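Colleague: Residue numbers (this note's numbering), protein chains in the order written: chain A, 2 to 336; chain B, 2 to 336; chain C, 2 to 336; chain D, 2 to 336; chain E, 2 to 336; chain F, 2 to 336.
Since the hints were made in silico from the structure, they are not lab data.
For clarity, every value in this text was computed on a predicted model and none was experimentally measured.
Check before you lean on any hint, since a few could be wrong.
[What the hints assert, rightly or not] One side only, chain B facing chain C, incomplete, derived with CB under 7 Å:
hint, residue
1, P267
2, D268
3, V270
4, G305
5, L306
6, T309
7, I316
8, V325
9, S331
10, G332
11, K333
12, I334
13, R335
14, R336
Glycine included, every Cβ here is placed at the ideal spot set by N, Cα and C.
Protein chains: 6
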Amino acid sequence: MKRVVTFGEVMMRLCTPRHHRFQQATSFDINFGGGEANVSSSLSIMGIPASHVTRFPDNDLGQTAINAYRKHGVDTQHIVLGGDRIGVYFVEQGVAMRPSKVIYDRAASSFATLNPADFDWELIFQDAQWFHFTGITPAISASAAQACLEAVKAASRMGLTVSADVGYRSNLWKWGKRPKEVMPELIEYCDVIICSKGDAADMFSIVPTDEKKSFKSVCQQLNERFPKLKKILSTKRGQISASHNTLVGKCWNGVEMLETKTLNIPDIVDRIGGGDAFMAGYIYGELIYQNTQKAIEFGVAASGLKHTIEGDFNIASVAEIEAVMNGDVSGKIRR
Amino acid sequence: MKRVVTFGEVMMRLCTPRHHRFQQATSFDINFGGGEANVSSSLSIMGIPASHVTRFPDNDLGQTAINAYRKHGVDTQHIVLGGDRIGVYFVEQGVAMRPSKVIYDRAASSFATLNPADFDWELIFQDAQWFHFTGITPAISASAAQACLEAVKAASRMGLTVSADVGYRSNLWKWGKRPKEVMPELIEYCDVIICSKGDAADMFSIVPTDEKKSFKSVCQQLNERFPKLKKILSTKRGQISASHNTLVGKCWNGVEMLETKTLNIPDIVDRIGGGDAFMAGYIYGELIYQNTQKAIEFGVAASGLKHTIEGDFNIASVAEIEAVMNGDVSGKIRR
Amino acid sequence: MKRVVTFGEVMMRLCTPRHHRFQQATSFDINFGGGEANVSSSLSIMGIPASHVTRFPDNDLGQTAINAYRKHGVDTQHIVLGGDRIGVYFVEQGVAMRPSKVIYDRAASSFATLNPADFDWELIFQDAQWFHFTGITPAISASAAQACLEAVKAASRMGLTVSADVGYRSNLWKWGKRPKEVMPELIEYCDVIICSKGDAADMFSIVPTDEKKSFKSVCQQLNERFPKLKKILSTKRGQISASHNTLVGKCWNGVEMLETKTLNIPDIVDRIGGGDAFMAGYIYGELIYQNTQKAIEFGVAASGLKHTIEGDFNIASVAEIEAVMNGDVSGKIRR
Amino acid sequence: MKRVVTFGEVMMRLCTPRHHRFQQATSFDINFGGGEANVSSSLSIMGIPASHVTRFPDNDLGQTAINAYRKHGVDTQHIVLGGDRIGVYFVEQGVAMRPSKVIYDRAASSFATLNPADFDWELIFQDAQWFHFTGITPAISASAAQACLEAVKAASRMGLTVSADVGYRSNLWKWGKRPKEVMPELIEYCDVIICSKGDAADMFSIVPTDEKKSFKSVCQQLNERFPKLKKILSTKRGQISASHNTLVGKCWNGVEMLETKTLNIPDIVDRIGGGDAFMAGYIYGELIYQNTQKAIEFGVAASGLKHTIEGDFNIASVAEIEAVMNGDVSGKIRR
Amino acid sequence: MKRVVTFGEVMMRLCTPRHHRFQQATSFDINFGGGEANVSSSLSIMGIPASHVTRFPDNDLGQTAINAYRKHGVDTQHIVLGGDRIGVYFVEQGVAMRPSKVIYDRAASSFATLNPADFDWELIFQDAQWFHFTGITPAISASAAQACLEAVKAASRMGLTVSADVGYRSNLWKWGKRPKEVMPELIEYCDVIICSKGDAADMFSIVPTDEKKSFKSVCQQLNERFPKLKKILSTKRGQISASHNTLVGKCWNGVEMLETKTLNIPDIVDRIGGGDAFMAGYIYGELIYQNTQKAIEFGVAASGLKHTIEGDFNIASVAEIEAVMNGDVSGKIRR
Amino acid sequence: MKRVVTFGEVMMRLCTPRHHRFQQATSFDINFGGGEANVSSSLSIMGIPASHVTRFPDNDLGQTAINAYRKHGVDTQHIVLGGDRIGVYFVEQGVAMRPSKVIYDRAASSFATLNPADFDWELIFQDAQWFHFTGITPAISASAAQACLEAVKAASRMGLTVSADVGYRSNLWKWGKRPKEVMPELIEYCDVIICSKGDAADMFSIVPTDEKKSFKSVCQQLNERFPKLKKILSTKRGQISASHNTLVGKCWNGVEMLETKTLNIPDIVDRIGGGDAFMAGYIYGELIYQNTQKAIEFGVAASGLKHTIEGDFNIASVAEIEAVMNGDVSGKIRR
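All chains should be modelled from the sequences, with the hints used to inform the complete structure.
Modeller: Structure follows, in structure tokens:
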């Protein structure tokens with residue numbers, strides 16, 4: 002099977018154990034994560050060959066990050082070494098009414114200071130069928146945005162399916178341009194996006210034009226603006242508490258709004274990466290089931306399981322996800 | 002008080018901590034457990050003298066297993082040393098919609114390769130009043146089945162109450178005979194069994210003969226087939242998720258079907274050993290209260306508390322179990 | 002801002018990790034706590050200058066206790082060194098239907114054997130505006146009760162607001178006098194107390210005189226008996242399980258019974274110190290909002306967050322507490 | 002084989018992990034230990050039946066202490082329950098030039114407040130051949146001293162070998178009498194003692210009378226004073242650092258001074274209990290080898306191994322100790 | 002650069018933490034190791050492309066083992082899935098005079114029950130330049146020995162350098178043939194072996210024929226017997242204690258006995274895998290330096306560093322090893 | 002007693018536990034440290050009032066850093082909040098021949114981007130008697146160098162003793178100026194410096210002018226160049242391995258070269274902060290003993306103890322340091 006390629010920053014995630022507050026912690030658990038790399042690792046664990054492309058410092062921390070992805074079978078041969086530091090994000094896991102807190106420390110990372118010329122997209126996309134990125138990548142720095150543009154152009158030219166998680170991060174976009182100046186050109190090359198109503202407004206100044214079916218009307222406008230776009234995904238997260246969410250997946254396929262049942266997600270272990278798990282599940286579903294309704298159902302089930310797993314990676318097998326997709330949330334012991 | 006004797010394999014249980022998946026774990030927590038030994042340890046902790054009989058390798062792991070039972074007061078003097086290895090089972094604790102996973106590695110264990118002649122049941126049953134085993138023991142190997150048969154014969158001859166947890170394990174019974182060829186002879190010597198409808202079908206080809214009160218009709222047939230049988234126990238577990246179950250206990254006493262209220266079991270810490278805790282609680286109840294209805298109520302309460310305790314052992318006092326039995330699940334701090 | 006001063010015993014709290022039972026534990030997590038010191042530390046973390054006054058042994062454990070309070074900014078300069086030992090309490094954290102257990106080992110502690118003359122209250126109360134103690138302090142020893150009386154007299158004389166958490170602890174009061182012989186004199190100097198119906202009966206022989214509005218009638222009698230008293234606080238805890246409580250705060254202001262909405266507190270991490278967090282929140286509210294209704298709402302929100310935090314200290318910011326007070330219990334990640 | 006009986010206080014030992022200082026520690030590792038119980042547990046691990054007699058509080062901590070000894074096969078049936086608390090000692094493990102620190106918190110323990118009438122020595126010494134105690138026991142309280150006297154009288158009367166580790170602890174002996182008023186009467190019943198020159202002076206006012214062979218002259222005087230005494234043991238510890246000691250064992254047998262070679266003890270893991278391991282090894286040697294020279298050699302080897310093992314218990318097999326006794330300190334892997 | 006291929010069993014290594022004895026441990030640290038796979042992982046970490054070939058069960062433990070090698074860049078594509086279980090070995094790390102203990106539990110592992118036909122050596126050796134195995138592999142089972150023979154034949158035929166660590170393990174070789182019946186045929190295809198005097202006697206009945214230069218005379222006989230053999234390696238380990246060794250490397254190149262200086266190895270963290278680290282270092286040296294004297298010096302330095310690293314893998318860079326090789330053992334901080 | 006004030010960057014130190022390599026670690030232990038803050042914390046622990054001045058981000062990590070110093074009694078009221086991030090350094094603790102590795106990630110930290118105007122040195126130095134900084138501070142950024150210059154001028158003007166640890170860090174000094182352009186002006190205001198021969202060359206172009214007593218000749222030139230300078234300190238570290246060092250302290254007092262005995266430092270737990278512990282010890286000695294020879298002896302003893310303590314802080318009491326200073330390195334247990 003041809004590879005899925007993802008491109009974006011990977012950060013070292015330092016998380017207080019046992020729900021400890023930052024002021025209590027005497028240690029951090031180490032994981033690695035990034036919106037795009039979480040998709041690669043999920044796919045690789047599900048058996049889909051996947052490559053992640055990024056830039057790490059040429060030191061032990063960069064090597065440790067590479068190891069984390071190699072461990073789960075992600076192809077890391079196109080990762081570039083250089084720059085001064087790996088981005089870090091600190092996590093304090095919340096519980097019940099206490100939210101999780103994230104402190105980003107990613108400025109001037111090796112990824113942010115990448116040189117677009119370091120990435121030979123023609124080479125990277127050989128034997129690839131899908132390219133995925135997120136709105137975080139162009140938000141990081143001018144050079145990251147430039148590399149991203151070159152990537153989508155090459156991917157599109159070489160016939161890959163291109164997908165993007167168009168998420169607006171207000172604490173990024175500090176390098177000079179606003180998302181509205183950058184994102185539209187990138188989305189022109191996309192076949193699939195995840196995009197909420199808020200994102201559509203922030204990124205493309207698209208707002209619902211009717212009162213009732215508002216997200217549908219946003220999707221219709223997105224389709225008009227970006228004719229290559231075939232699928233517009235969205236998730237609706239119900240936030241009962243830090244330990245209890247619900248999730249619904251949606252997909253506008255240009256004709257109708259597909260939608261999953263609501264998945265109840267109690268006893269959350271780690272919510273981070275839940276959206277990326279949905280995306281990876283969706284890609285798996287499109288590639289293997291070749292059925293969009295099943296793809297979003299598989300995506301929601303994958304995301305649900307991710308909430309029971311510590312770390313950004315969704316270490317869940319296809320069989321496990323399919324069980325949840327088929328309604329088995331009984332948690333009955335597997336012997 | 003006279004002793005309760007149990008006989009069966011004890012395995013080293015290696016469990017990933019903090020709900021980690023096998024692929025994440027960097028350590029295993031060590032516990033020991035076995036369907037019969039869990040009953041002995043429960044009873045000993047409740048103050049009932051109990052002996053466990055098994056076979057361990059003559060190495061540090063066998064000694065460590067013995068220590069685990071001695072620690073809680075279980076008499077281990079009749080444990081035989083020999084053979085090559087202690088059976089192991091690996092556990093990944095599930096949570097919410099993610100099931101726990103168990104990988105057994107028990108083939109060719111010291112118990113499986115036991116020599117029936119090593120156990121002097123006349124000696125072992127001196128000063129004993131009750132003998133308990135499970136359907137796992139005869140499923141392990143021909144020699145284990147043989148030893149089990151010798152044990153029930155001796156126990157019956159010496160006037161002990163004999164109980165069995167007739168649980169069919171599809172991944173055992175690899176030594177040549179099918180359960181239907183072995184179990185009936187063993188059950189002939191039993192006074193009490195735990196047996197589900199499925200077990201009755203798998204083990205004795207007994208199926209409900211009416212439509213409505215189906216388990217009752219199974220019990221009536223069991224009574225006919227095994228005239229020594231006085232009590233047929235059963236539990237009904239509601240599986241809402243890996244973290245949330247419910248439990249009901251039942252007992253057919255030859256006349257009527259006794260039944261407990263449904264116990265709600267949320268926030269599960271460790272579900273393994275829950276059935277054995279019910280059995281131990283039932284035995285305690287019969288011995289101390291001499292009242293079968295109270296015995297199954299105590300058994301369900303004991304099982305409920307077990308779900309809040311890590312490991313196979315039910316480290317709960319009689320007072321704590323009685324509080325739950327009497328409806329106090331408020332969890333109010335005991336100072 | 003002028004300081005809040007608290008006075009009372011601090012114990013080393015040794016808690017089994019991971020909900021382990023005492024018989025399972027191989028280590029204890031170390032924290033420090035005390036009903037009054039928990040109020041100081043909460044207030045200091047919220048930005049209110051606070052001093053705690055107590056007595057520790059002049060050894061490494063006493064120094065470690067001091068460090069625990071200094072860490073969170075509590076002024077410890079008035080802590081006296083001397084005596085033989087720090088009081089200890091052992092905690093086994095419960096879960097679901099299994100209650101937490103506390104074993105106290107505080108007899109003959111440095112605090113219990115204090116010399117009232119060691120505390121120069123005139124000096125201690127310089128620049129202070131509020132003095133808080135609990136009914137535990139006079140229950141510990143004759144000298145502690147004597148020091149407490151001297152403290153409330155000085156505080157009252159110097160114009161501080163005096164508050165007390167009048168909690169009856171049946172396992173204390175072993176030094177010769179009964180609470181009814183001691184507490185009334187102390188409460189005469191108080192402006193604010195937390196007092197349940199049970200406490201009022203145990204401490205002051207005051208029982209409801211009407212049938213319906215019973216706590217109100219208790220408050221009216223307390224007001225008559227203790228004319229200085231301006232506010233009588235009370236909390237009502239719903240105990241669904243060790244992992245799930247609800248909380249309501251009340252305040253009789255001499256005219257009407259103010260009351261908060263019921264806060265749902267699921268997924269409890271650590272319930273100990275929840276009452277002290279309410280008291281600290283209340284004091285914060287009175288000092289900053291100068292509004293009693295808001296003060297009890299802030300207190301309940303503070304207490305709710307405390308239940309998500311391990312240890313006696315309520316390491317929660319004003320912004321976090323206000324979010325809960327304003328109804329945001331969604332636990333949405335803060336990035 | 003007949004049992005060895007020991008009598009004395011057992012404390013909960015709370016030790017900072019990883020050589021952390023008290024002011025750094027966030028947890029304590031839990032072990033149990035006591036000068037006499039360490040001898041019982043060592044002997045039981047070596048296969049010599051051993052009983053320990055003491056008094057514990059009737060709570061979970063007392064039960065946990067009992068479990069710790071049962072785990073290693075020590076007979077605990079004569080342990081009495083009662084009193085308020087288990088004694089505690091806090092340990093900060095030193096390393097290199099930094100000494101270990103011990104903070105005792107044992108006042109008013111269940112053992113200190115024992116009632117001599119609770120111990121039926123006739124019953125306890127049935128089937129026993131040896132009784133061992135230390136100078137710590139009579140130092141704890143008047144009642145402990147009284148019970149000790151009754152024990153040695155009964156043991157002597159019933160023909161047991163009686164041994165004592167006569168160690169003077171300056172921070173005990175607070176109950177009214179000085180060691181010189183108490184110890185001589187106890188030693189009259191002893192067959193074997195461990196006694197240093199300092200102890201002889203402190204306890205019996207015996208000082209060397211010659212210049213050269215000073216310890217020999219002390220032993221000769223002890224023999225004269227206590228005619229029942231057959232063996233006087235002593236160890237000489239070279240203290241190079243907290244991580245590196247040396248050890249020599251000596252025994253005056255009434256005729257000559259037997260002495261072992263110097264054992265080099267580098268890379269110390271835990272020095273506590275090293276003396277008790279020597280005593281247990283000596284008893285083993287006398288009972289099994291029936292050769293005093295071998296007994297002290299085995300004792301020194303046992304003590305050396307103890308220094309490599311965390312906790313008070315010497316979890317070392319006879320084969321392991323004999324290897325060291327025979328000069329194999331190569332640490333070559335045993336596969 | 003062409004790959005190095007290794008073939009042999011990988012076991013899950015379960016090691017007690019903090020030098021705990023088996024009877025103390027409450028958890029095991031998880032690592033993976035095997036004599037041949039340790040060579041692959043070392044080489045991969047040094048930048049030499051390496052493949053390991055083995056057989057794992059098709060379960061989570063097998064996958065976790067694969068992950069452990071992928072993490073460090075070892076090519077795992079030729080690993081075969083099947084069989085019932087992964088072999089396990091339990092380790093208790095010794096210290097000072099206390100030896101490490103290893104308990105093997107590898108019988109009937111997936112590797113032992115491999116089918117030689119599952120390995121397509123022509124395919125596996127494409128792009129490979131070196132094949133390495135150890136005497137453990139043919140000792141495990143008849144089929145493992147058969148696969149090994151097929152491998153060396155194919156490797157030899159395809160022009161790879163073939164090396165073997167000829168180590169006699171007395172607790173293996175239980176499948177019917179003795180090493181002398183199996184090993185000689187395998188060694189006929191080898192270019193390089195590690196072989197001690199003892200191994201030569203056990204495996205080939207070759208004993209020194211002179212008195213003085215005894216190992217040299219063994220080597221000369223080995224050269225005569227196995228004409229393809231170009232290098233005969235040997236290490237000499239000085240065992241001062243479990244925490245302190247010394248190491249010398251030797252190589253008979255057919256003409257003279259090359260020898261390294263003695264490396265002092267104090268403060269040992271983990272001695273297991275030290276020999277494999279030497280072998281990997283030697284292979285690195287031959288491939289990169291193309292100088293046998295440097296190769297054994299690099300091997301000894303690599304082995305020395307391995308002793309400071311927990312686990313079977315030698316996670317040390319070429320630069321770090323070269324520093325030790327060049328005599329820098331000062332441990333000066335690298336900033 | 003008047004305060005000692007220190008000024009410099011504090012970093013979060015993230016250290017792999019148990020000597021794990023970066024590529025093995027699954028968690029980091031959290032500590033805080035900085036060359037100057039280590040001096041403050043040491044002095045505060047010894048009972049000398051000390052203030053540390055620095056700049057932290059206004060987030061939970063900054064607050065946690067403040068807490069770490071408050072815990073040990075360091076006055077933190079002059080710490081400024083602002084900027085984007087706390088500097089981080091990652092540590093892999095070496096052992097034996099394997100060096101510790103440090104990866105700095107401190108660029109653009111809150112300290113590096115400080116505004117000199119934020120520090121009111123007149124206010125900060127009220128009630129202070131000594132100001133200490135290191136050569137790291139001016140190396141970080143232009144503004145840090147500027148603030149440092151303002152501090153030494155104010156300190157000198159206000160009559161404080163000014164000391165500097167003149168250490169050249171080749172991986173800093175990236176802000177535009179070379180040390181030779183910056184350091185001399187700062188040193189003009191100093192009374193005491195620690196300066197090696199290498200530092201003198203790098204910073205001041207001063208090289209030994211004679212052959213034999215070379216450091217003395219450097220000191221004489223330093224005295225000529227910087228007339229205010231009264232003491233020039235130096236330490237000589239013998240690096241036997243990462244686990245074994247030796248240390249000598251020296252002081253040129255303008256007349257003669259004082260020197261300590263060589264302290265043997267085996268079994269090193271944590272070498273980081275050893276130099277700062279020497280400096281703090283020296284300051285203590287000058288302030289309390291008012292004797293320079295004793296001051297450097299105390300400094301060397303303090304530094305030796307620091308090597309046995311994990312983390313940057315020297316948690317050692319004056320009594321403990323004095324024992325080492327007086328030659329007691331026996332590590333005999335303190336009970």
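Colleague: Run every hint past the structure and note whether it holds.
Modeller: We went through each hint and held it up to the structure:
1. P267: holds, 5 Å
2. D268: holds, 4 Å
3. V270: holds, 6 Å
4. G305: holds, 6 Å
5. L306: holds, 6 Å
6. T309: holds, 4 Å
7. I316: holds, 5 Å
8. V325: This hint holds: V325(B) lies near chain C, its Cβ roughly 6 Å from the closest one there, short of 7 Å.
9. S331: holds, 4 Å
10. G332: holds, 3 Å
11. K333: With a closest approach of 5 Å, the K333(B) hint holds.
12. I334: Given a least distance of 5 Å, the restraint on I334(B) holds.
13. R335: With a minimum Cβ separation of about 5 Å from chain C (threshold 7 Å), the hint on R335(B) holds.
14. R336: Hint holds; R336(B) Cβ to chain C Cβ min 5 Å, cut 7 Å.
No hint from the list above goes unmet by this structure.
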